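Asker: First to last, the protein sequences are chains D, B, Z, E and X. Sequential numbering of the first sequence, starting at 144, is according to the working numbering. Sequential numbering of the second sequence, starting at 144, is according to the working numbering. Sequential numbering of the third sequence, starting at 144, is according to the working numbering. Sequential numbering of the fourth sequence, starting at 144, is according to the working numbering. Sequential numbering of the fifth sequence, starting at 144, is according to the working numbering.
Derived from the structure by calculation, the hints contain no laboratory data. Since the structure is predicted, the reported quantities are computational estimates derived from the model, not experimental observations. Positions of the beta carbon are idealized from the N, C-alpha and C atoms, including for glycine. Please note that the accuracy of each hint is not assured.
[Said to hold, decoys possible] In silico lysine-lysine, DSS-like type, Cα no more than 25 Å apart, as pairs:
#1 Z:Lys393 x Z:Lys169
#2 E:Lys351 x B:Lys496
#3 Z:Lys393 x E:Lys279
#4 E:Lys169 x E:Lys351
#5 Z:Lys493 x D:Lys496
#6 E:Lys363 x X:Lys367
#7 B:Lys351 x Z:Lys351
#8 E:Lys493 x X:Lys496
#9 X:Lys363 x D:Lys279
#10 D:Lys384 x X:Lys393
#11 Z:Lys367 x Z:Lys304
#12 X:Lys363 x X:Lys169
#13 E:Lys363 x E:Lys351
#14 X:Lys495 x D:Lys493
#15 B:Lys496 x D:Lys495
#16 X:Lys393 x D:Lys363
#17 B:Lys496 x Z:Lys169
#18 B:Lys279 x D:Lys493
#19 B:Lys496 x D:Lys393
#20 X:Lys384 x D:Lys471
#21 Z:Lys495 x E:Lys351
#22 Z:Lys495 x X:Lys393
[As the list claims (entries may be wrong)] Pairwise CB distance ranges, derived in the manner of DEER restraints:
#23 B:His226 x X:Leu391: 40 to 48 Å
#24 B:Tyr491 x X:Tyr470: 26 to 34 Å
#25 Z:Arg381 x E:Lys351: 49 to 57 Å
#26 B:Lys393 x D:Glu250: 25 to 33 Å
#27 X:Asn267 x Z:Arg381: 32 to 40 Å
Below are the chains, spelled out letter by letter.
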Amino acid sequence: MAKKRTSKYKKHVGKSPGTLTYTGYKDSQKLFIESFDYSSDFINEQELQNIEDAFQYKSTDSVTWININGLNHINEIEKIGTHYNLHPLVLEDIVNISQRPKIDEYEDYIFVSLKMLYYDADENITIEQVSFVLGKNYVLTFQESEGDVFDTVRERLRGGKGRIRTLGSDYLLYALMDAVVDHYYIVSETMGNKVEDLEDILFSGNVKDDLSQQVLSLKKELLKVRRSIFPLREIISRIQKSDSDLILKKNLQFYNDVYDHIIQLSDSIDIFREMIWSLMDMYMTTISNKMNEVMKVLTIIATIFIPLTFIAGVYGMNFDNIPELHYKNSYFILWGVMFLIFIAMLYYFKRKKWL
Amino acid sequence: MAKKRTSKYKKHVGKSPGTLTYTGYKDSQKLFIESFDYSSDFINEQELQNIEDAFQYKSTDSVTWININGLNHINEIEKIGTHYNLHPLVLEDIVNISQRPKIDEYEDYIFVSLKMLYYDADENITIEQVSFVLGKNYVLTFQESEGDVFDTVRERLRGGKGRIRTLGSDYLLYALMDAVVDHYYIVSETMGNKVEDLEDILFSGNVKDDLSQQVLSLKKELLKVRRSIFPLREIISRIQKSDSDLILKKNLQFYNDVYDHIIQLSDSIDIFREMIWSLMDMYMTTISNKMNEVMKVLTIIATIFIPLTFIAGVYGMNFDNIPELHYKNSYFILWGVMFLIFIAMLYYFKRKKWL
Amino acid sequence: MAKKRTSKYKKHVGKSPGTLTYTGYKDSQKLFIESFDYSSDFINEQELQNIEDAFQYKSTDSVTWININGLNHINEIEKIGTHYNLHPLVLEDIVNISQRPKIDEYEDYIFVSLKMLYYDADENITIEQVSFVLGKNYVLTFQESEGDVFDTVRERLRGGKGRIRTLGSDYLLYALMDAVVDHYYIVSETMGNKVEDLEDILFSGNVKDDLSQQVLSLKKELLKVRRSIFPLREIISRIQKSDSDLILKKNLQFYNDVYDHIIQLSDSIDIFREMIWSLMDMYMTTISNKMNEVMKVLTIIATIFIPLTFIAGVYGMNFDNIPELHYKNSYFILWGVMFLIFIAMLYYFKRKKWL
Amino acid sequence: MAKKRTSKYKKHVGKSPGTLTYTGYKDSQKLFIESFDYSSDFINEQELQNIEDAFQYKSTDSVTWININGLNHINEIEKIGTHYNLHPLVLEDIVNISQRPKIDEYEDYIFVSLKMLYYDADENITIEQVSFVLGKNYVLTFQESEGDVFDTVRERLRGGKGRIRTLGSDYLLYALMDAVVDHYYIVSETMGNKVEDLEDILFSGNVKDDLSQQVLSLKKELLKVRRSIFPLREIISRIQKSDSDLILKKNLQFYNDVYDHIIQLSDSIDIFREMIWSLMDMYMTTISNKMNEVMKVLTIIATIFIPLTFIAGVYGMNFDNIPELHYKNSYFILWGVMFLIFIAMLYYFKRKKWL
Amino acid sequence: MAKKRTSKYKKHVGKSPGTLTYTGYKDSQKLFIESFDYSSDFINEQELQNIEDAFQYKSTDSVTWININGLNHINEIEKIGTHYNLHPLVLEDIVNISQRPKIDEYEDYIFVSLKMLYYDADENITIEQVSFVLGKNYVLTFQESEGDVFDTVRERLRGGKGRIRTLGSDYLLYALMDAVVDHYYIVSETMGNKVEDLEDILFSGNVKDDLSQQVLSLKKELLKVRRSIFPLREIISRIQKSDSDLILKKNLQFYNDVYDHIIQLSDSIDIFREMIWSLMDMYMTTISNKMNEVMKVLTIIATIFIPLTFIAGVYGMNFDNIPELHYKNSYFILWGVMFLIFIAMLYYFKRKKWL
């Protein structure tokens, strides 16, 4: 019954820790690098052709966001890692896409790994890992493939409106993380709608037999989302308590805001969870109620007609001497008797509230 | 099966953090501003026509309560926010009505966001957000629309009885929060009554098939209330531990009192929750008991009459040579035999305690 | 379906905090005040006629216990509160009998509010609130009505045996609280017996349909008791950690003892809780087992006789040409065949372990 | 339905705290006192006739273990308590056998109360309380009756092998507690076996109706064991963190070892608990599966023969004009038709996977 | 019903603590000792013939890994323990294979005990204990038998690539523990697959009656894995917080990495757990749905044919005077009537959505 599966762990096992192994399935992804170099009075947006073009931004005064797509390009990632002094374990975490969301603080930079969540065209949840490296004047982001939730940040950078160009790299990190969290709300809302749809189906009574499958699928989805979102509580609170110079005190309020959002999302997810358990319960009572109804119909029909059939059977017997058979009106009297039994039965069921 | 829904998150996503977006549905609400300016020896109650009229109270010595209704009036809220030096994120929280209850302490003021709960005409729970800004000599409150739970505070302010006019703005904040919490008790009591009603229905035996729907609805309601009330525990304890000058030590006892109330409410809600789960359990056993009873009726009738019908069938056969058919009394003897079988069956069911 | 209920909260809502409102139902209770003034060498027990008679003990050197019954006498309680410098919120808590057990430490006194539990004549749990005020040389107790669990303390005071007259007011408070907790044991034991009775009923098999109601009632009772007892853990541990001068270090060991008792009671209650859940589970399997048995009887009878009835029906048909009908012994042969079918069926059920 | 029970609490209620009341049922136990006085080079084992003989060891340099059996001998226990300066509450705890496991540190001694667990001849769990008093050079143990788990300690003392005679009284306490905990393993293992036996029964399919009773009994047993073992985690960790001179730092490692054992036992018990819940679940599905099978047999038989019986009934009617009755082969054709119906039905059930 | 079991505890009970007793079943295991002595520029791999050959490495400057297989060789283990100054309790833990994973820090060395997990040929989980002793320049490992998860570490040591030969003994310990944890991933993945297989079976509808057994087995397996993995969280965090000189600060980052892996594994296991509970729920609804379907078939057949059989029975009665019998077309009319009843029934079931 078991399917053939390829294990994504087996190939990794036994490699030296710190050996880069891309654990995802998008092996033919093109490398795509874009950079935003900006300060309050200029912005320079570029698509970089070589990973080496990204080296120059390490020590400029302007803030730079370098966004690298294509985790299958192990070599390029190793190069930029070496240039930006990233710890081998950080690089390993970047390319290991089954990484749990985490934060690691190093002397020169802070490493954060999150999950982007969005629904694909078929309404399935897609989880994509995105890693952030926050340095003095730069933020590096690493993604499996092009296409992300950061378009709104790009717009704001280009437009130069709001605070984004005047505050430093820690605000940029905040803005990017906030964009990720904003999309969690959409996912959470969609899940809430799915829960309510299931509820509506149960309330309407048009229940199909596969409802328990739907409930189970939804529960799995919820567990996946939960696992992506819950670790953020700790991550953000680690940022809040961090004594790193990279996070300015004056920008902490923004992280408090993200923290509040995460708590709110966690609340919602726990409520969905409880609702789903309740739905399963309610589904069980619905089935039981239906069975009860089926049973009642059977019992009513059988209880009425089995005795009547018995009576008919009695007078179908071939004994020589059955006096009733020969009276003139006994047939009609019997109909009357059977009708009375029928009425009595109905009355009995009425009183039992089965009708 | 899914309904069309408008997402309240999608429109917000991508805006710069700190951009004011009213997330509620009451878009045509009139702006209504009232002010209570008072000290122990005078009170001045006014309806303000322009938001600018509220600016003057920022630095007066008398205590002022400015109550602003109509969160859809983004501009006015931005103006007063700017005048009272409110952080952009605070303003964002004020107009985002799906905000989780929270507290944020700033240098000059404390921001608290709560949920007012009340039952509307149809006995549905209504949740309305109310935000408080406690400053040196003022309290600002922000609500979506007119109509709130503060009438008793207004009365006490006007009457000048009790402590309310002699104690400062932190006592006013307490009085307002206490009024919110007082209404939680009514909600909690109503929910307790609903739980007991369901219990009575179950105990009476007059159970309708939609009981599980009612239980589920009640559970959802409970979860909503829980989500509104539980965060207050942390909010109040943050106030208690706050070292802000805005909360006077001598008034802390009052906040302890609110804290006790919240703990008591939390206890009650957890008990309701447990009761509801038990009700669902009991409902399941009720259904099973009923099914059992239906089955018994069917089984008794069928078990008695099926063998008798068989006997009648035997003597309805047309074999040429069935000696019993020709004895004079065999018909009557058969009746006797069938009666004995009937009695034996009844005795069997009696012993099985089915009758 | 909803009953008419009077809300005990609605009338309270909106009153100024600190306004005394008795929230119980014993509105016509007589005021009864008794005092025990004692030191190691004398004791003076009195029934006081006026609340003013209790004022003198505030600053005497001897230890005094003043026991006030009748919380509906708001005025008298306010008077003594004023004389003994009680905070308005303390007085409010004294007369609000739906108060959760709590402790509040003030500069001059410690306020403790507990629940006395006992079974009334009908074996229903009765909860009565008792409030303690521990001062330098006095303990005030406030109860709704006469009749309490303190008779053993009175005896010991009168007898002068043991430590009670030589140790101070903090030991008196301990002795009173210990008397309350001692009664919890009786309640806990009675509940344990009830759980075991239900268990015996389930084990005996004589289950009535209303068992789930009994289980639910017991669970509600348990929740009530739990809510009364659990907060004591925190209350006692607050006393243990208190740095108030009112609690002498040398008497702390006694409070440790009460703490141990409370922990033990909490354990027991949690075990009862788990047992009750298990009972409900077991009840469900009992019902299912019974249903299974009913089904088997039905199935055995129907499976045996329906085929036989069919055979009898066949030879009751009126076709002109049914050769079997005319053989001499075919009737007797048929009986043999039917008997064989009967035996085969029995064997089948035996093998299926249905018999 | 309720049995007559004697309450062990009622008689205790109202006594002055510190009054010795033996709460067990072994009221006619003989007093038995044994002493082991030893140092690295000698051992003196004695049965003491009078409690006064035990007084001399209080201040000798050699280590002494005094083991007192017979908690009903209140007077003797009071005497030794007075001589060894034990706090009245400690004595009360020693004779109150429903005491929860606990530790109390006093200036001169440490008091520990544990539960010994063992299976009696009928495989029922027996719980006996044992109290330890660790002093400078002595350990006192108090038990309800003779017979305990300490024989291995006695052997080691007599043999003088290992460390036991060279390390002090704190090591003796450890050795005694370790003996108690060693027996927990046997109990835990027996319970594990019981869980597995139930599992085997369920897997084999030979389920009796009283299985849920067995599961419930096992769960009760588990709760009792749990209540005896779990408090030890806190007790041992209190010893580990104690700054008392009575526990030497160099012997702490031994207590760490006991702590590890307790954690391991707690783990096992929690796993048994979860297994038992799962067993109950599995039992429910087993019953449901059986019911399903019974239903299928009934449905198959009824569905096949009811229509056939109907057909036979039709041709048993006495209408004057039923043409089919008079054709020569109609009886045989009808048998063919009925056989076809029979086959069609079987095919239908086959496709439904009921056969 | 209970099987004969040999208790692995009974034989241990009563032995002096610190007495070495091998508690496993592999009593005839050969002793196998291998050593890797290395620094950055050389490596010396050897199979040692005598335990005494391992003594020399205690104080060399090069790092040495000594791997000892065969815990039944108590004497040899005692010898090396004495030479390397191991505490008697450590040696006891090494040979007690039912030891819970633990860490103990001593002055000269750190002792860690873990569980290796792997699936054997029959896809059953095998748990083998491995103990580590980390000293200044050596790591000792103790296993029950040859065959382990460390081949990848051996390869890296031999190859000399990566950091492993340049970093000290604490890095070696990390590399070994990391190899153990890497295999946990394979186990976790296999369990995930098993959960999904069960899910697929449930979704496909091809459910066998023994599914609940499979679910229960899987749950047991999960509990075993959980018990092996969960304690590691504490062990690693104890290493992280350790102030021992044996763990260099610069290598701590590697332990952080292992910690992250353990947290991720714990998450996965908790999710599997929840999924399994949900599967059991879904299985119950599947059974109920099937039962419902069986009931419907029975009810439809019985409800249609029982009334029709009654009618046929009526006209099979032998009354002298049944007028309908003598009309010419009454037989055909009756067929029409019965057909109408049949159609009406079908329509009724259609409307009830049973067809």
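Asker: Checked against the structure, which of the hints given earlier come out wrong?
Answerer: Of the numbered hints, 1, 4, 5, 9, 11, 16, 17, 18, 19, 20, 22, 23, 24, 26 and 27 do not hold.
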